[in-house]
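Asker: Okay, here's what each chain looks like letter by letter:
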Amino acid sequence: MIGWLTALLAGMVTGILSGFGVGGGTLLLVYLTAFAGVPQNQAQGINLLYFLPAAAMALPAHYKNGYIHRPTVGPAAAAGLAAAAVAAWIATAMDVQLLHRCFGGFLLIIGMRELFQKEEGQTPEEKTSEEGRR
Amino acid sequence: MKKRSKWTASALAGGAAGLANGFFGGGGGMVLVPLLTGRCGLDQRRAFATSVAVILPLCMLSAGIYWWKGGLDFVLALPYLLGGFLGGFLGGKLFRGVNMVWLRRAFALLILYGGGKALFF
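Heads up: the protein sequence lines correspond to chains R and S, in order.
Just so it is clear: in the first sequence, position 63 is 62 by numbering that gives the first Met the number 0, and no numbers are missing.
Just so it is clear: in the second sequence, position 47 is 46 by numbering that gives the first Met the number 0, and no numbers are missing.
Everything labelled a hint here was simulated from the structure, so no lab data went into it.
Misleading hints may appear alongside valid ones.
[As the list claims (entries may be wrong)] Lysine-lysine pairs mimicking DSS-like chemistry, simulated, CA-CA at most 27 angstroms apart:
# : chain 1 : residue 1 : chain 2 : residue 2
1 : S       : Lys2      : R       : Lys63
2 : S       : Lys92     : R       : Lys63
3 : R       : Lys63     : S       : Lys5
[Said to hold, decoys possible] Here are some, though not all, of the chain R residues that point toward chain S, as calculated from beta-carbon distances under 8 angstroms:
# : residue
4 : Pro38
5 : Asn40
6 : Leu51
Even glycine gets a Cβ: it sits at the ideal position worked out from N, Cα and C.
The whole structure should be built from the sequences, with the hints applied where relevant.
Answerer: As structure tokens, then:
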């Protein structure tokens, strides 16, 4: 029961971030593999399922706020679907330990990039978010 | 930027996100957002929100393939699904008031921890 509640909480916290689009899914994968001891392939499956309600619940608000850039969505989703199909196929056929190592490499790359990135594409209304900070 | 080259840039960004999404079952946003701000010229807030819209269909397809190949455990996933449902809703609501910079710094550290652990232990 405790484990179940912890899982619910982990899903909720990372879900907020997924709703932002900031990498909640990546974080949930880290939680599952590094803290909860779930095998890499199982964790990936959970993460994919978890993102569906998280994204579906966040999208209406984004749409209403006018943050969805529609001309980008079509081509990006079309190419993404083709790439995802191939990649998912390979991943599900791969050795789990190797997949786990690849994931580690991927995390290090994006982690370093996140840490040292320069600020770009600040929104004009970014000032309001400064005020919104606790 | 010309319309055509913007289309290509969007498609390439989406393709890269698709690779991450299918292969790692996540992390598409981490790939997509910087490409949207850098290559496609979207501002940060728009890039984040747009990436959610792009990645949702990718997740559906990847999840379908994982399921087909026998890689989905629905019972294990259920609490995370419920959590994601609640969290996603809150995320959409809170999005306007959040400070992006500190949020991303905090993540970077957690992600690096996970990466180190996966690679070396």
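Asker: Run every hint past the structure and note whether it holds.
Answerer: Each hint, compared with the structure:
1. Using a Cα cut-off of 27 angstroms, the hinted pair Lys2 (chain S) and Lys63 (chain R) holds, with the two alpha carbons roughly 25 angstroms apart.
2. Distance restraint check for Lys92 (chain S) and Lys63 (chain R): the Cα-Cα separation of roughly 10 angstroms lies within the 27 angstroms cut-off, and the hinted pair is therefore satisfied.
3. The hinted pair formed by Lys63 (chain R) and Lys5 (chain S) meets the criterion: a straight-line CA distance of about 24 angstroms does not exceed 27 angstroms.
4. Interface hint at Pro38 (chain R): violated, since its Cβ lies 10 angstroms from the closest Cβ of chain S, which is beyond the 8 angstroms cut-off.
5. For Asn40 (chain R), the suggested interface contact is upheld, since its CB lies about 6 angstroms from the closest CB of chain S, less than 8 angstroms.
6. With its C-beta approaching chain S no nearer than about 6 angstroms, Leu51 (chain R) sits inside the 8 angstroms limit, and its interface hint holds.
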